[in-house]
Amino acid sequence: MATDLTYPYIARLILAGRVVQTLEFEAADDRAAWQHANDGIDPLRGLWVAVERKPDPQQAMDLPPAPNVSKEASGR
0 MATDLTYPYI ARLILAGRVV QTLEFEAADD RAAWQHANDG IDPLRGLWVA VERKPDPQQA
60 MDLPPAPNVS KEASGR
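In numbering that gives the first Met the number 0, the protein residues as written are 0 to 75.
Don't read these hints as lab results, they were simulated from the structure.
You can trust all of the hints, since none of them are fake.
Think about it this way: if two alpha-carbon atoms lie no more than 16 angstroms apart in a straight line, the pair counts; the simulated EDC-like pairs of lysine to aspartate or glutamate are:
#1 53 - 29
#2 53 - 28
#3 53 - 25
#4 53 - 23
Ranges between beta-carbon positions, derived for each pair:
#5 4 - 43: 30 to 40 angstroms
#6 45 - 67: 48 to 58 angstroms
#7 3 - 67: 45 to 55 angstroms
#8 55 - 34: 17 to 27 angstroms
#9 30 - 56: 16 to 26 angstroms
#10 34 - 14: 14 to 24 angstroms
#11 47 - 6: 20 to 30 angstroms
#12 30 - 55: 18 to 28 angstroms
#13 41 - 67: 52 to 62 angstroms
#14 67 - 31: 45 to 55 angstroms
#15 21 - 42: 11 to 21 angstroms
#16 67 - 46: 43 to 53 angstroms
None of the values given here were measured: they were computed from a predicted structure.
Note that CB positions come from ideal geometry on N, CA and C, so glycine has one too.
Assemble the whole structure, with the sequences as input and the hints as a guide.
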């Protein structure tokens, strides 16, 4: 059974070291994202694309600080 799971990606079109366009889209995997972002891009004109998966906001949890282990160990 196939799943329709996709991941969010950000692609940046770069020309002469500057980001000239940003595209946000979803793709099934890294290869599909790269192909989607590079469709119609001509590297001979000095264009290239940086593609990265957007961070998952659900994984960026704020955790409480770790207990100070050295104080606990010296108190024994």
